[in-house]
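Asks: First to last, the sequence lines map onto chains A and B. Counting with my numbering, you get residues 1 to 193 for the letters of the first sequence. Counting with my numbering, you get residues 194 to 360 for the letters of the second sequence.
No wet-lab data here; the hints were simulated from the structure. Predicted model only: the values in this text are computed from it and were never measured. Beta carbons are placed, not taken as given, at the ideal position from N, Cα and C, and that holds for glycine. Honestly, I wouldn't trust all of these hints.
Pulled a few chain B residues facing chain A out of the computed Cβ check, cut under 8 Å [stated by the list, open to error]:
#, residue
1, 220
2, 224
3, 233
4, 234
5, 240
6, 248
7, 252
8, 264
9, 268
10, 336
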Amino acid sequence: MKCVIFLLCALLANVVYSETVVDELEDAKLLVAKNVLNNYIVEGLNLTIKYTIHNIGSSPALNVKLQDENFPAEYFEYASGFSVAQWARIPPKSNVDHVVIVSPKMPGMFNLTSAVVTYLPSEKASKVQTGYSTELGEVYIQRLSDYNRRYASQTLNWILFIIIASPSILIPFFLWKSSTNKYQKSKKAKKSN
Amino acid sequence: MKSIFFAVLIIATSASGQQCNQAKILNVRTSTSENSKLNTETAFIIQFKAQCQNNARNVPFYAEIDGKFLTSSADATGENYEISWSEPIKKARSGEIKVRIFDEEGYGAFRKAQRSGDLSSSKDLQTVTFYHQGSYKGPSVQIEFLVTVLFGVIFYFAKSSMNKIQN
């Protein structure tokens with residue numbers, strides 16, 4: 001019985017040990033996170049996307065090219081940043097950022113898909129590795145008028161409201177004012193008599 | 194002999210990680226995302242074009258911002274570069290932001306100078322200063338509050354006059 005338990009423990013230890021040894025990556029491995037830095041996505045207003053590339057391997061990644069076909073020209077306009085970004089070299093155990101600002105041209109449902117990254121995992125490698133970023137799925141691009149109705153400052157609307165509501169307050173006020181003045185005048189005239 | 198020498202030269206010049214000799218930085222454009230209601234983080238982007246004497250492309254440039262170091266990314270042509278980062282809105286301070294751009298040599302020299310504590314000798318390629326006017330957080334006083342106060346005052350005036358008349 002003891003023998004069996006000892007053998008089982010040895011086997012388990014061996015499996016665990018070999019897994020931890022394999023964990024150490026020799027070549028470069030790039031993980032790409034694609035984040036949307038917006039609370040709301042609105043037509044005509046800027047949508048900020050941040051790509052973070054982490055190199056979790058022990059070698060530098062060479063000829064890194066990040067390509068995002070998610071924002072074609074008929075639906076989006078690139079306000080800042082490039083849709084294709086390159087880095088000659090990403091050192092091991094480090095990360096780089098790339099921020100892009102686009103502006104949607106049309107409202108509606110839209111699918112945010114992954115960006116593709118291609119790189120050489122080490123200086124001796126000849127085969128290009130491909131990786132995909134995280135994707136965010138479907139998002140709703142609001143109309144600009146809906147967004148302004150809900151979240152924009154309503155100052156102009158309130159000023160217009162005050163202008164429209166003022167007759168119903170000012171007309172009775174002036175009527176009252178003119179009648180009090182007349183009353184006070186006639187009161188003074190009576191007193192003086 | 195000549196062919197070997199020529200081949201070595203070709204290999205040397207086509208090696209990845211080319212050095213950019215005497216880089217000239219042109220067309221610097223900065224943009225920031227400024228709406229705090231719309232965005233979760235403030236993003237800063239600096240785009241520029243770099244011309245190297247030896248026509249090297251996709252060369253790394255480094256930027257130093259407040260002690261943080263960032264690497265540049267190049268576009269598909271390799272001539273236009275971008276340095277970008279983002280900060281949480283609460284942390285992003287408004288005002289002047291100074292970004293120093295270095296090429297690889299300058300960056301190495303700067304790091305060495307940092308370690309030795311002598312920062313006066315480090316020279317950057319260009320210092321980009323841009324002004325971030327702070328994220329728009331909405332008006333300081335809500336217009337609805339002002340309108341409520343205004344109509345409250347009118348109501349008080351009308352009620353007090355009415356009471357005076359009735360008594």
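Asks: Look at each hint and say if it fits the structure.
Replies: Here is what the structure says about each hint:
1. 220: violated, 13 Å
2. 224: holds, 4 Å
3. 233: holds, 5 Å
4. 234: At 5 Å from the nearest chain A Cβ, residue 234 of chain B passes the 8 Å test, so the hint holds.
5. 240: holds, 7 Å
6. 248: violated, 15 Å
7. 252: holds, 7 Å
8. 264: This hint holds: residue 264 of chain B lies near chain A, its Cβ roughly 5 Å from the closest one there, short of 8 Å.
9. 268: Since the shortest Cβ distance to chain A is 4 Å, the answer is holds.
10. 336: holds, 5 Å
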